[in-house]
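Chain L is already provided as a structure; the job is to place chain Y on it using the hints.
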Amino acid sequence: EDKVVQSPLSLVVHEGDTVTLNCSYEVTNFRSLLWYKQEKKAPTFLFMLTSSGIEKKSGRLSSILDKKELFSILNITATQTGDSAIYLCAVGVPRGFNNAGNMLTFGGGTRLMVKP
Amino acid sequence: DAGITQSPRHKVTETGTPVTLRCHQTENHRYMYWYRQDPGHGLRLIHYSYGVKDTDKGEVSDGYSVSRSKTEDFLLTLESATSSQTSVYFCAISESSWADTQYFGPGTRLTVL
Numbered sequence: 001e002d003k004v005v006q007s008p009l010s011l012v013v014h015e016g017d018t019v020t021l022n023c024s025y026e027v028t029n030f031r032s033l034l035w036y037k038q039e040k041k042a043p044t045f046l047f048m049l050t051s052s053g054i055e056k057k058s059g060r061l062s063s064i065l066d067k068k069e070l071f072s073i074l075n076i077t078a079t080q081t082g083d084s085a086i087y088l089c090a091v092g093v094p095r096g097f098n099n100a101g102n103m104l105t106f107g108g109g110t111r112l113m114v115k116p
Numbered sequence: 117d118a119g120i121t122q123s124p125r126h127k128v129t130e131t132g133t134p135v136t137l138r139c140h141q142t143e144n145h146r147y148m149y150w151y152r153q154d155p156g157h158g159l160r161l162i163h164y165s166y167g168v169k170d171t172d173k174g175e176v177s178d179g180y181s182v183s184r185s186k187t188e189d190f191l192l193t194l195e196s197a198t199s200s201q202t203s204v205y206f207c208a209i210s211e212s213s214w215a216d217t218q219y220f221g222p223g224t225r226l227t228v229l
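Going line by line, the protein sequences match chains L and Y. Heads up: the first sequence begins at 1 in the numbering used here, then just goes up one per residue. Heads up: the second sequence begins at 117 in the numbering used here, then just goes up one per residue.
Chain L on its own, in the form it takes in the complex (with noise of 0.2 Å):
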């Protein structure tokens, strides 16, 4: 059975802290690994990775992937209120006819708060 494991469950950091969010993974013929982040709506795309070792990076989020050890980071630096959230990892695995499908198999994600 594919699992995702998220870490820490839920972090409370003040302003201008940096965070590193962890995802583990343990999945049969692996594709991809996504983050997204959710606040009170819809999950929200961020990044997706799929070779080791290269950082893709957007503003103050950064994230990179190592498949032979199977987790990925997700890095916040100078956070801010804006950045509370539950973050999600997904990893992507093809499934069905044909591998028609790419399944997301989801962790349970990181709850975080930022406080002024």
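Keep in mind the hints are simulated off the structure, nothing from the lab. Everything numeric in this text was worked out from a predicted model, so none of it was measured. Misleading hints may appear alongside valid ones.
Said to hold, decoys possible - Restricting the straight-line Cα-Cα distance to at most 25 Å, the calculated cross-link-like pairs of lysine-lysine (DSS-like) are:
(1) L:K57 - L:K40
(2) L:K56 - L:K67
(3) L:K67 - L:K57
(4) L:K41 - Y:K127
(5) L:K40 - Y:K127
(6) L:K67 - L:K115
(7) Y:K173 - L:K3
(8) L:K115 - L:K37
(9) L:K37 - L:K57
Chain Y alone, transformed into the frame defined by chain L:
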């Protein structure tokens, strides 16, 4: 934001009644998905579609059925709702099986009394 809408956005129903949730997209994406999100379980895939009339089960498909008669619409039906199906339901779309990036609709909060 991807053009995805879900209806209704909120629904309260009683145990044993049929319920249909609708997902509509304007992106002409081939792949569509239904997830449910529950505390402690994260997002779990119910069913997905890889084309018109082509659907398959996800990890928590029992008690649910789906239909896709048009590219833009993906319906999720609870034939006889139970309290365990109280959840937030999200629809997602993806352009191709290799692109993997799935974009989510706004969600439907369903309460089964």
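Which hint numbers does the structure go against, in order from smallest to largest? When the structure is compared with the hints, only number 6 turns out to be violated.
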